[in-house]
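Undergrad: Sequence:
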Amino acid sequence: TGALTAMHGELQVVPSEQAIMWKGKEVDLTRKEYKLLAYLVARQDHAVSRENIQKEVWGEQFDRGTNVIDVYIRYLRQKLEKAGCPARLESVRGFGYKLSVS
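Here the sequence shown is numbered in our numbering, starting from 30 and rising by one per residue.
Where hints are given, some of them may not hold.
Claimed, not checked - Taking CB as the label site, the calculated pair distances span: (1) Gly53 - Arg93: 33 to 41 Å; (2) Lys84 - Gly53: 31 to 39 Å; (3) Glu110 - Asp74: 32 to 40 Å.
As the list claims (entries may be wrong) - 25 Å max Cα-Cα, derived DSS-like pairs, lysine-lysine: (4) Lys111 - Lys127; (5) Lys52 - Lys108; (6) Lys84 - Lys127; (7) Lys84 - Lys111; (8) Lys61 - Lys127; (9) Lys52 - Lys84; (10) Lys52 - Lys64.
Calculated directly from the structure, the hints in this document are not laboratory data. From the three backbone atoms N, C-alpha and C, an ideal C-beta is built for every residue, glycine too.
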């Protein structure tokens, strides 16, 4: 429903459809990519720790010895760029990531 839709400029999170829209067009994401991006969008312009991302997006089954978060961030950067979305997923050295939407 519209009440559950969050807008961040022209970037829109639609939880009921598990969709991210840019300028009215859906960004093609997997479920995990959606969950990660929605988590970062909700915390836009704030650095989010890798530990919080692990806990909130992957849950307890997460293997800390992998670089899976980095891989998913790379996927999201590529997909947002392909969609023409100027959102920036910035690495915060030694901490985590931050999303900025222009």
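Undergrad: All hints are to be evaluated individually against the structure, with a verdict given for each.
TA: Do the hints match the structure? See the list:
1. Checking the proposed 33 to 41 Å range against Gly53 and Arg93 shows it holds: the Cβ atoms sit about 38 Å from each other.
2. Hint check: Lys84 to Gly53, Cβ distance near 33 Å, so the stated range 31 to 39 Å holds.
3. At roughly 19 Å, the beta-carbon separation of Glu110 and Asp74 lies outside the given 32 to 40 Å, and the hint is violated.
4. Taking the CA atoms of Lys111 and Lys127, the gap is about 20 Å. The hint holds against a cut of 25 Å.
5. Of the pairs offered as hints, the one joining Lys52 and Lys108 holds, with about 14 Å between alpha carbons and a cut-off of 25 Å not exceeded.
6. Under the criterion of a C-alpha separation no larger than 25 Å, the hint pairing Lys84 with Lys127 is consistent with the structure, at around 16 Å.
7. Taking the CA atoms of Lys84 and Lys111, the gap is about 28 Å. The hint is violated against a cut of 25 Å.
8. Between the alpha carbons of Lys61 and Lys127 the distance comes to roughly 18 Å, so the proposed pair stays at or under 25 Å and holds.
9. Distance restraint check for Lys52 and Lys84: the Cα-Cα separation of roughly 30 Å exceeds the 25 Å cut-off, and the hinted pair is therefore not satisfied.
10. Straight-line distance between C-alpha atoms of Lys52 and Lys64 comes to about 20 Å, which keeps the hinted pair within the 25 Å bound.
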